Amino acid sequence: MTVKQKTLKKGGKLGEVLRSREISLLLVMVLLCVVIQWRSGGTFFTPGVITQLAQNYAYTAVLTFGMLLVLLIGGIDISIASTLAFSGMASSMLMQHGFLTNPFMVFLVSTLIGLGCGLIIGLVIAKGKVLPIIATLGFQYIVRGLTYVISDSKWVSSDEMLPAFTQFSLDSFLGIPYLAWIFLVLFVIVLLVLKWTEFGRQIYAVGSNAEAAKISGINIDRIKILVYSINGAIAGLAGAMFTSKYASAQSNMATGAEMDVIAACVIGGVSLNGGQGNAVGALLGVITIAIISKSLSLVGIDAFWQQALKGVIILLAVAVNVLVQRNNDREVLKGREI
Amino acid sequence: MKKLIALLLALVMVAGLVACGGGEATPTTTEAPVENVDPTDAPEQEDPTDAPVASDITYAIVAKSEGNPYMEKMVDGFKEACAAMGVGCEVKYPATATKIEDQIAVINELIGQNVKGIAIAANDAEALSATLEEAKAEGITIITLDSDTTGSQMFINQAGIKEVAQVLVDSVYDMAGGEGEFAVLSAASTATNQNAWIAAMEEIIDADEKYANLNWVETVYGDDESQKSTDETQNLMNKYPNLKVICCPTTVGVLACAKAVQDSGSAIKVAGLGLPSEMKDYVADDKVCPYMYLWNPIDVGSCAAYAIKAIADGKVGEVGTEFTADNGTTYTIMEGDNAELQIIVGPPFAFNGENIAEWAAIY
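Top line first, the protein sequences correspond to chains D and P. Residue numbers 1 to 338, in this note's numbering, belong to the letters of the first sequence in order. Residue numbers 1 to 363, in this note's numbering, belong to the letters of the second sequence in order.
Read the hints as simulated data drawn from the structure, not as lab findings. Honestly, I wouldn't trust all of these hints.
Chain D is nowhere near these chain P residues, computed Cβ spacing over 10 Å in every case [unchecked claim]:
| hint | residue |
| --- | --- |
| 1 | 66 |
| 2 | 124 |
| 3 | 162 |
| 4 | 205 |
| 5 | 348 |
Taking lysine-lysine and the DSS-like style, the derived pairs with C-alpha atoms no more than 27 Å apart in a straight line are [said to hold, decoys possible]:
| hint | chain 1 | residue 1 | chain 2 | residue 2 |
| --- | --- | --- | --- | --- |
| 6 | P | 287 | D | 154 |
| 7 | P | 99 | P | 73 |
| 8 | P | 287 | P | 239 |
| 9 | P | 162 | P | 244 |
| 10 | P | 116 | P | 99 |
| 11 | P | 64 | D | 154 |
| 12 | P | 136 | P | 116 |
| 13 | D | 310 | D | 214 |
| 14 | P | 280 | D | 154 |
| 15 | P | 244 | P | 73 |
| 16 | P | 73 | P | 92 |
| 17 | P | 64 | P | 116 |
| 18 | D | 214 | D | 195 |
| 19 | P | 136 | P | 315 |
| 20 | D | 154 | P | 92 |
| 21 | D | 334 | D | 214 |
| 22 | P | 244 | P | 287 |
| 23 | D | 310 | P | 239 |
| 24 | D | 154 | P | 99 |
| 25 | P | 162 | P | 116 |
| 26 | P | 136 | P | 92 |
| 27 | P | 210 | P | 244 |
| 28 | D | 310 | P | 244 |
| 29 | P | 73 | D | 154 |
Chain P is faced by these chain D residues, among others (derived, beta-carbon under 10 Å) [what the hints assert, rightly or not]:
| hint | residue |
| --- | --- |
| 30 | 148 |
| 31 | 222 |
| 32 | 298 |
The model shown is predicted, which means the values in this text are computed figures rather than measured ones. Glycine included, each C-beta is placed from N, C-alpha and C at the ideal position.
Only chain D is shown next, with the shape it has when bound in the complex (with noise of 0.2 Å):
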C-alpha cells in the first residue's frame, strides 16, 4: 500500500506529508501538549519532566514495539505484562540468590526468560491453531500464576539488589538516561528491519493476506512463531527495565500494562486486523500515551474523571487517525486508472 501511493504523488510533496497519518497524530499530540502546557501553568515542558517521561514509560515503550509486530501479523499478545512480571522476578531472584553479580546478565537473562515464554506462546499459537487472543488470555494466568508461585508471594527488595543494577536506570548517556536509549535503539532496529529487510516484509504480507503469503512461499507458522518469540524477548527486556526503575520486583508488578501498550499501537495507527501500521506510528503512540498518563494530574482534573478523561482522549486521537486513514485510501482510489 505504501508503495502505491508513493508511486502516485497527487498533490506533490507537500499534500503528500499533510497527508501522512504520523504527522496528523503528531498534530494532534502538539495541540495536547500545549492544553497540558496552559493548564499546568507551565510546570509540564521541563527537561526534568520530559527526563522522567523517557524513564518511567521507556519500558512501556519498548513492549509497544513488540506489540507492533505481533499486530502487524494479525495477533495480539495479552500475556506480556504476566511475561514482564516472570521474567523482571526470576532475574531478580536470581540475583537476590547470588547468582547473578553483573548488572548485564540480569537484563540478559531476563530477556531469554521472556523469549522462552514467548517462543512457548508462539508454539500454541502457530502449531495448535489457536486463536492468539486465546491463547495469550490463558497464558496471561499461567504466567502470572508461575511468578506468584516462584517468589512465594514475596517481592524482592532494593536492598537485595546490586547497586549497580538499580542504578542503571538512573545513569544517563549523553543527556539521556540509558533506559531511553534502550527504547530508542530498539525502534530503530524495528523501523530498519520492518522497511528493509526480507523478514520485515514477510511479516506485513502474513498480516496483510495469509493465504497469499503462504501461496507465495512464505512460512507463516515459521514468521509467527518468531514474532511471538521476540515479542516475548522484548517483554523480558522490560522486565529488567522494570525492576532496575522501581528496584523492586513485586509478583503484582505492571497488572494491566498490556492495555495502554495496545492503546499506544490503536493510536499509532497500527491496524489491529493486522498488516497495517509502522515503527514511526508506535513511537508516536506511545509518547502519546505517556503525556497523557503523566500529564493528567497536573492539568487539574478530579481523580475521579481522570480515568474517564484518558479514553476519551485515545478516542479522540484514534478517531482523526481513522478519517485521515480513510481520506488516504479515498485519494489513492481517485488515482487509479479505471
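With chain D fixed as given, assemble chain P onto it according to the hints.
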C-alpha cells in the same frame, strides 16, 4: 488421527486433574507436623479428608489474594496461634481478589470441610453476608480481619482509623517542622481504608490549632501501581517547589514515593505506612523517610485465631466490656461498623533507622 488427538487431550486433562488434586492435598499434610506435637491427642477421624489434623477442631483463614507478602504474614500469625492452641489450621486463597464469587466458593468449600471457625479478609463489604449466614447456621464462628464485611461476628481491626490518622498527621507535623506545605499520595481514589484515614486526618487537622500552619496542598492517587505512584510523586514535586512532606498511607505508594524522592535528590521527607522489608533502604534519620508506621500483620493474624477461640468459649460479652484471650491480651469490645463487634489489635508501630533492619528480617 482426530480420535487419537482427542484421546491424548483427555489423558492430559485427567493427568492435570490428578496433579491438581495432589497439589491441594500437600498444604494440609505440611501443616500436620505442627499439630502432631501431642501424640495422645490424635483420635481416629470420621472424615478421611481431615485425616492429617490431630485435633478435631480446625480453624480456617481466607486471604484476600495470593501474591501479597502482607497477607502471607497475617496467615503466618494465624497459623502460629492455631498451633499454640493445638487446633488445626486451613489456609485458603480465592482465585482472584476482584471477583467476590471466588471467596464465596472458598467459604462453601470450608463449610463442607466442617471447620469450626473462619477468619476472612473480605474482598467485599456486603456480598459475602448470605454465605456467612449459612456458615453460622452450621455453627461456624465467623470473624473478619484486615477488611470487614456484614455477616461477621467480630472484626479484628488492625488499627483504629483515628489512631492511624493521628500518627500520620503527627509525622507530617514533625517532619515539616510544624509548618509548611504537604501532600498526600494515596492508593486508588476508591480505596476504603485510605479514604477513611484521609477523612480522619482532615478532621484532626481542622480540630487542633496546633496544625493551623500546615498547608495540605493536594491529595493524589497512585492506584497502588509503581508507575502511577512515581508519576504522581514527581508531579507533586514539580508543581509545589516548597513542598516539605509527602504522606503515603499505602505500602506500595510509600515505596514508589520514597524511591522517586530519593532519586530526585530533593529535601522532601516521606511519611506514611510501609512494609519494613521493602522500605529498609529508605528509612533512617538521614534518609528520605525518617520513620514510618505499620501494624504488625503477624499480630493481626494471631489475634484473629485467639478471637475465634474466645467467641467459641463464650468469653466475649457485650459492647463496652473486656475479655482476655488465650494469648494473655485483654481487648475492649466495641461496636462494629459492618461486623457485629470489633476489637482493635493495637496502636500502629513505628519503624525507624534503629529497628528497621530487625523488622525487615521479619516482614
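Review point. Any of the earlier hints contradicted here, and which numbers?
Key: 1, 13, 15, 21, 25, 28 and 31
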